[in-house]
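> Sequence:
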Amino acid sequence: MESVIRAASVYAALWLLFRITGRRSMSHITTFDFVLLLVVGEATQQALLGEDFSLTNGLLVISTLLGLDVALRWIKARDQRTERLLEGLPTLLVLDGQPIHERLREARIGEDEILQSARETQGLTRMEEIRLAVLEVSGTISIIPRAKD
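In numbering that gives the first Met the number 0, the protein residues as written are 0 to 148.
Treat the hints with caution; some may be incorrect.
For each label pair, taking beta carbons as the anchor points, the in silico distance ranges come out as [what the hints assert, rightly or not]:
| no. | residue 1 | residue 2 | range |
| --- | --- | --- | --- |
| 1 | 139 | 83 | 12 to 20 angstroms |
| 2 | 89 | 16 | 17 to 25 angstroms |
| 3 | 127 | 62 | 51 to 59 angstroms |
| 4 | 101 | 20 | 13 to 21 angstroms |
| 5 | 146 | 76 | 30 to 38 angstroms |
If you are wondering where the hints come from, they were derived from the structure by calculation, not from laboratory data.
This one's a predicted model, so the numbers in the text were calculated from it and none came from an experiment.
Positions of the beta carbon are idealized from the N, C-alpha and C atoms, including for glycine.
Construct the complete structure from the given sequences, taking the supplied hints into account.
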């Protein structure tokens, strides 16, 4: 039973930590992020398994984590409020070429990241060319260009 409690606690703690770090950090993984994930994975293994490295305990921990994931997906599919609580909502970052600085600060996103996304997805080079920029719950930035006159 201790393994199940450990697994559920680590699952909840990691979910909270990744929510705190922000959606954008999960969108693009750099080499540094990958190394950090490996270290977090190793630390998580120690927290999950404790002193019991048996196959049975490992399978119990894996089953607990997968069960929690399936249960949360099932709950989110049936209750929009829970989904919004767990996943968040899309965030409007730019409206009619004007950055919304308060939301950029809250999301810890710079104007340069919006312009990078605009170049990569729409071929836009200036903020004035953007009608809407939205930080999606996945961490990606969607760009809607302004209508051409």
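> Confirm or reject the claim that residue 146 and residue 76 have a C-beta distance inside 30 to 38 angstroms.
Given a distance of about 36 angstroms, which is inside 30 to 38 angstroms, the answer is holds.
> Given the range 17 to 25 angstroms, decide if the beta-carbon distance of residue 89 to residue 16 lies inside it.
Between residue 89 and residue 16, where Cβ atoms are some 22 angstroms apart, the hint holds.
> Using the Cβ atoms, figure out if residue 101 sits within 13 to 21 angstroms of residue 20.
holds (19 angstroms)
> Residue 127 and residue 62, beta-carbon distance inside 51 to 59 angstroms?
holds (53 angstroms)
> Taking 12 to 20 angstroms as the hint, is the beta-carbon distance of residue 139 and residue 83 inside that range?
holds (18 angstroms)
The structure fails none of the hints (numbered hints given earlier).
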